[in-house]
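Following the hints, complete the assembly by docking chain F with the ligand onto the known chain S.
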Amino acid sequence: MIFSFTSIFLLISLLKLTDESLSKYHTMETVKKIWFFYRDGFREMTVGKTLWMIILLKLFIFFVVIKLLFFPNLLSRDYDTDADRADHVRKELTK
Amino acid sequence: MNDLTTVVDWSRWQFALTAIYHWLFVPLTLGLSVLVAIMESLYLKTKSEKWLMATKFWMRLFGINFAIGVATGIILEFEFGTNWSNYSWFVGDIFGAPLAIEGILAFFMESTFVAVMFFGWNKVSPRFHLASTWLTAIGASISALWILVANAWMQYPVGMEFDPAQMRNVMDNFWDLFSGIAVNKFFHAVFSGWALAGVFVIGVSCWFLWKKRNQDFALLSIKSAAWFGLAGLLLTMYTGDGSAVEVTKHQPMKLAAMEGLYHGTEGQGFTAFAILNPDKDWNNDEDEYIFEIAIPRMLSILGRHDANAFIPGVTDIIEGRDIINGDTVNTVSYAERIERGKMAQAALRNYDIALEKGDSVAMNVAKADLQKNFQYFGYGYFDDVKEAIPPIGVTFWTFRIMCYLGGYFLLFFVVILILVYRTRLMERATWIQWIAMASVPLMWVCSEAGWAVAEVGRQPWTVQDLLPTKAAISEIPASSVIVTFWLFALVFTVLLVAEVSIMCRQISKESKKNLSSNKA
Ligand code: HEM
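In order, the protein sequences belong to chains S and F. Just so we're aligned, residue 15 is where the first sequence starts under this note's numbering, counting upward by one. Just so we're aligned, residue 8 is where the second sequence starts under this note's numbering, counting upward by one.
One thing to keep in mind: the hints can contain errors.
[As the list claims (entries may be wrong)] Distance condition first, Cα-Cα at most 20 angstroms in a straight line; then the derived DMTMM-like pairs of lysine to aspartate or glutamate:
| id | chain 1 | residue 1 | chain 2 | residue 2 |
| --- | --- | --- | --- | --- |
| 1 | F | Lys-374 | S | Glu-106 |
| 2 | S | Lys-105 | F | Asp-359 |
| 3 | S | Lys-72 | F | Asp-391 |
| 4 | S | Lys-109 | F | Glu-346 |
| 5 | F | Lys-379 | F | Asp-359 |
| 6 | S | Lys-109 | F | Asp-391 |
No lab work stands behind these hints, which were simulated from the structure alone.
Looking at chain F on its own, in the form it has when it is part of the complex:
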């Protein structure tokens, strides 16, 4: 393995590790903040102390998660500047603008209102306190909005023009950043946080039931979390469907990888279960699957909302074949993309030479040549079309893990809702309490799997079609990346152990108090 491959791979692992770790905290912050705000609203409306106690209890757990999670995302920005400096420069203000807005607006909203939320009981009016709780929740979602908009731009770069003099993408329309991909991504991620918080609250409350402590409090929490989680899950599914349509439109190769599909058809089925054939390649005649159970026409419905639509597979895309409304349409094949990408890069090289000579006429000619083929710029880094295929197995399985667990949690919320309104059943049925507790980590697996689909499925691109990972990387020694990878692994493990143990200790301590009345 040469040094470039090692640096790229270790940097990717390092980025993945940091992002996975960061995402352990974010969805719980997004969901629990809203659930707590709802509970506090109910308290203000009913003046019932049970809602106040529930609000305070879950708010404390929110606080622990917030405190341990805060600033974990900043490491991703460090990595941009060191490992991915070409990328950081290339994306320019497109990435910078949303992140700057995030830093200023959402961060200040959060840090201000979080303080009032925790310190303000009895110091500010109840209405003002409630407003702060809601603003904390809204601030957290707004933070996520900017990051997800920036991420969506990498998947579908729009609203910018590339300037070879600055070597950056310059934003020409801010509102274009809110593409269908961005909007679906935002709502899918936020609502998935609601579902995750619902499962978390139910899991913890079931531990109370199992321990026979504060059962009224636990049942109240389960009721509200189950409704909240169910609403979040249904919205997650709805927006997941929207995401699938957007991916089909703008990242067909990702969709093909999600399905392990090489040769598409009209009315394409969805593979419910399959064993992928490891010998399958885009240009051989091997079967795609060793074993397969498919739901007829389902992928066409999912991807194009049309049971008869054609869904292209990896080979179709590489060869430049699509069928739209029954007509075969020739898209640009990958071989041609590679050629045009190389032409764009040659034009940029000419621009560089002309710039050094101060020859403005030659610069203009080179710039015009560059613009003609810029949309395929990144393909110029490949020597073989194979390099543009994402890892099929990981994308295929993580997509199924997300969807199957999504289905499981739908059933889970429904069963919990049925049981919780038959109070005695819920209190006695230890099997469901155990299932609920065991479901908590599964929900995190589901959520992280979602990110794996989105990010592994778009490989090898850091910016779709424009910049593959091997061009985005900085010239740094592999050894330093390997050292920092293990350093992060250590720091993150220690912090995670601290979070889980503080959280568990807090839950256990609080469970011994009377959580039905403030006077206890």
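In isolation and in its complexed conformation, chain S is listed as follows:
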């Protein structure tokens, strides 16, 4: 995630803006440029709004409901060290 946002940041700051958009953006700082780029993009969306709702709902179901309630990482949850995890798996695989 962090990488994505950093890269988005770097990328947009390096954007070669067209003449038309230059006049609109040229005085703004990089951060503002990114903000407007995304804000305008989202505003102009039509079907995209429904899609974003679906994406957000989906991420909520996946990460909050499914992951937290039903899919713990068993070895991380039950053991504190890698040595303990290895020990558990060794016993499991040789029982």
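For chain F with the ligand alone, kept in the frame of chain S given last:
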């Protein structure tokens, strides 16, 4: 049925359900992104507005598919940590490294350039926009590369050494991961996505023709999609041939299952159609097929690129028999593999006892014993050689579905190309428009069947020869797996219905606009 069998079976069904669902979106993303990039390149080259409109239209459908498909693969990773914790630990950084690279590199490429692709029209220079579209397409394929490399490693584990102290496979040569299996798998999967996108675009465009809306746009789309799809299909067939050779070399049992073959011969035929004999077992004298139509020598050509080569069947493999260049070669029989697997496991047990006592000499002895037989480690979990045979019927039929539909789509693209250059014929021939629309779901069946061959055919292994499903599973109650299976079935169905209806609504809405000119 005991609880272990229930947990293993339900976890496998759950994994299969998630993977099948995930793969509904991936091939379209892989193919459509490239087709859209080609269309945009043509726009930049010709400055013709028709290409711009085509690019924008298909890009929007790409966006819908991308948005609904994104993150569906993450559930597979949840399942690794909960249902398959022994497996997750055992595969160690072999699996972790490619997936981590995927997460960092491809994901950031995709998320960055997808944003420019959708929001960047009129905000960035046309060349920069085109570069972003191409980078989105390349990013998607790079994502697939890492997953497929990890998958290929499970089919043919190389480039690692097992460390009993860490209980993990430790990578010793990253580049070994790019085995023949991995390379063929990657290109086969990616090019199959091109073919799939070609059929999708043709199917949707034929709906336009049938509705008599935006016919010029539809014909242009059909032309480009048919060439693109045909190229993708030919490359899929070429790499499918490469995959078959690799499977013959490294997973002969899978090949035998794909053919329903028990007793191989030199110059082995390929069964074009057969009714499998349900009473056939590896060690009885029943016939393999109740009825069979075979193409002489074809399996030898497909598997070993030699019309006279021997292809071992299930019984040959279990008994340890192969023939290479005319000489009978004794391979390690499954009975011996089971014995050596049990020896490897005993050595690991001794290692564990020595570790608890802190006896480093005994640890070294046990480790050396383990290494001697480690390549058959997983066979030690079986009591009967029969347990190491994959489900023959599913593997046999899914392989045929993939190949036959592959043949059908070759014909399909050729016919479409012939018709589309006779514009009036294509516009009038409603029969071909209907066939094209009906072919869209068939293409998904073909693609999913490919995965069924690859994954069912390698059962019972999660990691070939090293870890069968019954050892890879976590100690969890069957009831929780059953509950989450149905939960997924529900969530995935709802999301799929949402995707299809948004996609259809979008197509219908756009079809009413003028898609030949931006000014409309
Ligand atoms: C007609 C010639 C074809 C041949 C000889 C062929 C061969 C194969 C083989 C041997 C595998 C198993 C590879 C493994 O287990 O590692 C495979 C898998 C697969 N096939 Fe095909 N195939 C053909 C056509 C197609 C077509 C037309 C599609 C879809 C458009 C397709 C999609 C897939 C997919 C998605 C997989 C799973 C990924 C993989 O293991 O590569 N195949 N194919």
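If you check each hint against the structure, which ones fail?
3
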